[in-house]
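Colleague: Listed below are the residues making up each chain.
2 protein chains.
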Amino acid sequence: MSLKREKQTYMLFMLSQKTHDIILMKMDIEKVFQMKGGIGENSYSKNSSLQKRAADKVKHIITAAMEQMYVEKRPNSIGIADLGCSTGPNTLSNIKQLVHTVLLHPHPDPEPEFRVFLNDLPTNDFNTLFQSLPDFYTQLNKHRIYISAYPGSFYGRLFPDHCLHFIYSSNCLHWLSKVPAGIYDEQGFSINKKSIYISERSTQEVSLAYLKQFQHDFSLFLKSRSQELVCGGRMVLILLGRTGSHHADRGNSVFWEIMYRSLSTMVDEGEIDEEKLESYEVHFYAPSKEELEDEVRKEGSFKLDVLEMFENENENDIDADMSYGTAVAKTVRSIQESMLANHFGDSILDKLFQHYATLLDQELAAANDHINSITTVLVLTKL
Amino acid sequence: MSLKREKQTYMLFMLSQKTHDIILMKMDIEKVFQMKGGIGENSYSKNSSLQKRAADKVKHIITAAMEQMYVEKRPNSIGIADLGCSTGPNTLSNIKQLVHTVLLHPHPDPEPEFRVFLNDLPTNDFNTLFQSLPDFYTQLNKHRIYISAYPGSFYGRLFPDHCLHFIYSSNCLHWLSKVPAGIYDEQGFSINKKSIYISERSTQEVSLAYLKQFQHDFSLFLKSRSQELVCGGRMVLILLGRTGSHHADRGNSVFWEIMYRSLSTMVDEGEIDEEKLESYEVHFYAPSKEELEDEVRKEGSFKLDVLEMFENENENDIDADMSYGTAVAKTVRSIQESMLANHFGDSILDKLFQHYATLLDQELAAANDHINSITTVLVLTKL
Numbered sequence: 001m002s003l004k005r006e007k008q009t010y011m012l013f014m015l016s017q018k019t020h021d022i023i024l025m026k027m028d029i030e031k032v033f034q035m036k037g038g039i040g041e042n043s044y045s046k047n048s049s050l051q052k053r054a055a056d057k058v059k060h061i062i063t064a065a066m067e068q069m070y071v072e073k074r075p076n077s078i079g080i081a082d083l084g085c086s087t088g089p090n091t092l093s094n095i096k097q098l099v100h101t102v103l104l105h106p107h108p109d110p111e112p113e114f115r116v117f118l119n120d121l122p123t124n125d126f127n128t129l130f131q132s133l134p135d136f137y138t139q140l141n142k143h144r145i146y147i148s149a150y151p152g153s154f155y156g157r158l159f160p161d162h163c164l165h166f167i168y169s170s171n172c173l174h175w176l177s178k179v180p181a182g183i184y185d186e187q188g189f190s191i192n193k194k195s196i197y198i199s200e201r202s203t204q205e206v207s208l209a210y211l212k213q214f215q216h217d218f219s220l221f222l223k224s225r226s227q228e229l230v231c232g233g234r235m236v237l238i239l240l241g242r243t244g245s246h247h248a249d250r251g252n253s254v255f256w257e258i259m260y261r262s263l264s265t266m267v268d269e270g271e272i273d274e275e276k277l278e279s280y281e282v283h284f285y286a287p288s289k290e291e292l293e294d295e296v297r298k299e300g301s302f303k304l305d306v307l308e309m310f311e312n313e314n315e316n317d318i319d320a321d322m323s324y325g326t327a328v329a330k331t332v333r334s335i336q337e338s339m340l341a342n343h344f345g346d347s348i349l350d351k352l353f354q355h356y357a358t359l360l361d362q363e364l365a366a367a368n369d370h371i372n373s374i375t376t377v378l379v380l381t382k383l
Numbered sequence: 001m002s003l004k005r006e007k008q009t010y011m012l013f014m015l016s017q018k019t020h021d022i023i024l025m026k027m028d029i030e031k032v033f034q035m036k037g038g039i040g041e042n043s044y045s046k047n048s049s050l051q052k053r054a055a056d057k058v059k060h061i062i063t064a065a066m067e068q069m070y071v072e073k074r075p076n077s078i079g080i081a082d083l084g085c086s087t088g089p090n091t092l093s094n095i096k097q098l099v100h101t102v103l104l105h106p107h108p109d110p111e112p113e114f115r116v117f118l119n120d121l122p123t124n125d126f127n128t129l130f131q132s133l134p135d136f137y138t139q140l141n142k143h144r145i146y147i148s149a150y151p152g153s154f155y156g157r158l159f160p161d162h163c164l165h166f167i168y169s170s171n172c173l174h175w176l177s178k179v180p181a182g183i184y185d186e187q188g189f190s191i192n193k194k195s196i197y198i199s200e201r202s203t204q205e206v207s208l209a210y211l212k213q214f215q216h217d218f219s220l221f222l223k224s225r226s227q228e229l230v231c232g233g234r235m236v237l238i239l240l241g242r243t244g245s246h247h248a249d250r251g252n253s254v255f256w257e258i259m260y261r262s263l264s265t266m267v268d269e270g271e272i273d274e275e276k277l278e279s280y281e282v283h284f285y286a287p288s289k290e291e292l293e294d295e296v297r298k299e300g301s302f303k304l305d306v307l308e309m310f311e312n313e314n315e316n317d318i319d320a321d322m323s324y325g326t327a328v329a330k331t332v333r334s335i336q337e338s339m340l341a342n343h344f345g346d347s348i349l350d351k352l353f354q355h356y357a358t359l360l361d362q363e364l365a366a367a368n369d370h371i372n373s374i375t376t377v378l379v380l381t382k383l
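Protein chains in written order, with the numbering used here: chain Z, 1 to 383; chain F, 1 to 383.
Bound conformation, chain Z alone (with noise of 0.2 Å):
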């Protein structure tokens, strides 16, 4: 597999992975949207493992984070919490590495207490996580470990005042609260016409709807979370972006494209009704340098220690014997599944992805320009 195509590999593991606070309109998504749960074949449990890659790409930041905090703060009992925690086996391997990293310094006897948030959208499967709680608190007996999970939006509070010294998120912040509500006319039908996010297609009007509903999100999320850390407290955080200015990157639609043209296929066949169509709409938004930092600096209770943007570049590890679409379209239906079949019924999915897949290896096959994704990470203290 060319390089091309492994760095397309990845943005599509870093959109798809942690659909956050999609919400379509009318759909309350608090109370619909969900991962695929439990561990079978097509659990999102057991199509994460280039999601693991993609965290240990920035690991050593995570690690100085929480580092420095730690040099700084010596608490005797820390609290961490994991946003978007989501249920497969890397949201209990991030809690060990921190844990470890905290373990490695000096510290005093008895060691610090570990006190751990894991946050999800209330339709998580948390089930699923927690049964393999008993297995991990075994092999971490000899350390003071309390894991608990608080599901909610992380648009708005989640955890008591001041209680948390490190928070992380990954992969989850470019997913917006809601469909800006610009995006629908006065029936209900999106403005944004032949697209279901922004596309070359896309008028102003809809970028800048979409950029007002991250401003909002994202202030939104910095205000709830420095209620939530200690003074001195950081947070990592890590979510897809992009370098220019221009809001239709490619690197941030074509995968909207070839779904949008997937769900337009099964129009054309008669499976889909146009107008349900019409009303879909991703929720999805890829921030610049710029307009993060702007929120930042706006909401005022963080310093910005760290804004790194990088290329995304991964290696193939995909089942050889399955084209290149076809697993992408596994790991997108893993993530999307719930939300797809509340809207258009759950007898489309097959045949949807398998357009998605048909379609992901031709885009792929007659594609000759490069395509950037962009990964930014941000560390914040809390002032």
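If you are wondering where the hints come from, they were derived from the structure by calculation, not from laboratory data. Every clue listed holds true.
In silico DSS-like pairs for lysine-lysine, Cα to Cα no more than 27 Å straight-line:
#1 Lys142(Z) / Lys223(F)
#2 Lys57(Z) / Lys289(Z)
#3 Lys330(Z) / Lys178(Z)
#4 Lys178(Z) / Lys212(Z)
#5 Lys142(F) / Lys178(Z)
#6 Lys223(Z) / Lys142(F)
Given the coordinates of chain Z, assemble chain F onto it according to the supplied hints.
Modeller: Frame of chain Z, contents of chain F only:
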């Protein structure tokens, strides 16, 4: 329905409502046991209305304990734990009640923050519970309430040091952490022949093994909670008990006897292997007043403020369209299904609970003796 039957109904619901920490030999209960999840006809969630009534009977004691704690301590941030929260509608209504109890008292502005810690085994259906959180938060949106789940066995540490002001546990502590080791012979068969709990046929060896397991478990429970409560914090424990010193009180054993006879009928029918039945034992213990007082005194971290025992009475609101036995069998099934299925296989369940319903109806029709079932309520203050 007669008063006697009503009392038996109540007893059964008390017995069956939260089968905590039951462990079968070689069965890792933390990975097996669960209330019947979801919200279907046979779910625990739909079969716990009588449990609510049971809790309502001791509401004034719970309320008084919370009031005393609040008046003495006046914390700005109140930690409340529900141990064995299960998954039905009762869970969140209990929390709402405790929050309102505090807020009826004069309090500072801003009003106190409530940190709510829900606990049950990792196999509990937390997903269903979490899905009702968005509506709960909407109802109480004026207040600062942060709800979390801490999955694990309460026979050991669950929460960080000194984070709780109030602990509440309803109808869980009559379940032991495991079958006492002394109940099994070297081949792994129960020495408690022709019984699955202490019965009139049980030897003194059997009774003593159960008592020792209770002493070990309850002592560990008290020690663990003493490290989690602040000084002056309160703990209200509601569990089944017995008034006499004899271990095989009919009030506690009759429902296990019916289950044994139901399983035995399945052996006669060739549906269950006799050896399987002879290795099955339930892990229940109804302590006497003296046994409870002894453990509190020996552990030494708590002052025993209240120990009340009362005979259970209950009004019947069981569906008139089905027999009493059938209605009871349905509730028992919502709780015991996962364990029975793990031990005997799930193909036996439908027939087993048909037998249970029939045998219970027959037993109650034939019974001429009065069955006393006893609930014990303890209020303890952390010294």
